[in-house]
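Visitor: One letter stands for each residue in the lines below.
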Amino acid sequence: GAVVSQHPSWVICKSGTSVKIECRSLDFQATTMFWYRQFPKQSLMLMATSNEGSKATYEQGVEKDKFLINHASLTLSTLTVTSAHPEDSSFYICSARPSGGGTGELFFGEGSRLTVL
Amino acid sequence: DAKTTQPTSMDCAEGRAANLPCNHSTISGNEYVYWYRQIHSQGPQYIIHGLKNNETNEMASLIITEDRKSSTLILPHATLRDTAVYYCIVRSNTGNQFYFGTGTSLTVIP
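Top line first, the protein sequences correspond to chains A and B. Reminder that position 112 of the first sequence reads as 112 in the working numbering, one-by-one numbering, no gaps. Reminder that position 45 of the second sequence reads as 1045 in the working numbering, one-by-one numbering, no gaps.
Just chain B, with the same shape it has in the complex (with noise of 0.2 Å):
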């Protein structure tokens, strides 16, 4: 089952900051947080993950919170492309099943 919540929706203008939080208020010390996005009938795209600190790559940042239970999403400077459904899953490194929640549709408006 997932273990995360997101909100169901949520609008960015072109060009400025997306910021997509999500609450894991379980999250086990072993649980890493991945995020994938999934544009219109097309598969999931992996973005990025953490453990506890923050990450950043070519994508996005991730933002974890010192007690784990919640982390953001940052897209520094979103554009038209970037309006898709954006999920975050906890699970194991060591762990097999991602289980997707009901995720954050993200529209970037122009």
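With the rest of the complex left out, here is chain A (with noise of 0.2 Å):
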């Protein structure tokens, strides 16, 4: 199946501080894809679409100045928090579907765990 990448898989960092995380489609390319949140023992929360070549789509709720996504080829999407704090500590998930259709599942990146100090 569709292999989609994230890195890094863990980062700790210090509040006050930006950490970028990376999402990769590795064998197929994706007009679109979405960042999800897990809070533990939560549900996977949409925060936005990402779409190549233009703005990405945020949910209600969802600072975009905070969480900072660029798409910039069809094979990367980027998630940036800025400006980190404890409560942005959470399980950061994206995931892509194949451009030209497909049957259309979405295929996720194993998922990125990030901690605040």
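Because the hints were derived from the structure by calculation, they are not lab data. Take these hints with a grain of salt, some might be off.
[Claimed, not checked] List of simulated lysine to aspartate or glutamate pairs, EDC-like, C-alpha gap at most 20 Å:
#1 Lys-41/A with Asp-1011/B
#2 Lys-1003/B with Glu-59/A
#3 Lys-41/A with Asp-1082/B
Assemble the dimeric complex from its two separately framed chains, guided by the hints.
Guide: Dropping the structure here:
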């Protein structure tokens, strides 16, 4: 099946710093990628839809200036958590759907665990 | 918003079939039913999806009721490695976003 890779798998940072997480589709092109956040013992919450070559679409309640998304190519989307604080500590997961149709399923990355001290 | 409801948790004996139900009473005619599972601290893994016919693959079977208001995911011979949270999602084939509900935490017991 299609592979989506995230980097880093885990990161620890100090409060006030910014952290960038990369999401790559390794063997397919993805016009659209999605970013989710998951807190312990909770479900995945969709944060934003990342569109190649255009601005991301954010879900209600997600601060676009805090969670910067860039989708510079058909195989790479990045999420930057700016001025991170302890409450931003979470498991961030990206997903992608192959361009050009297919059967519609999304392929998910392995997730990136962010801990803000 | 998620359009599905699932039991919070279920147990299944190892080697037995695990039957995971999902209600999606407001499903639209062009919406598919997708199933994913998430093993602890990993990204979700695709299992199966269907529109109205029953589907089977190497992982599982998906049974969709005739009125499409509910479905059941069947793991025919559950193993300990099937312990995970199972999510049922409805979405149109041309739609974009997947919204996750609370899922069912399946525990396979030795």
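Visitor: Next step is simple, just say for each hint if it's right about the structure.
Guide: These are the hints, each one checked on the structure:
1. Lys-41/A with Asp-1011/B: Holds, at roughly 18 Å.
2. Lys-1003/B with Glu-59/A: With a Cα-Cα distance of about 17 Å, the restraint between Lys-1003/B and Glu-59/A holds, given a limit of 20 Å.
3. Lys-41/A with Asp-1082/B: Distance ~18 Å between Lys-41/A and Asp-1082/B Cα, so the pair holds.
In this structure, every one of the numbered hints holds.
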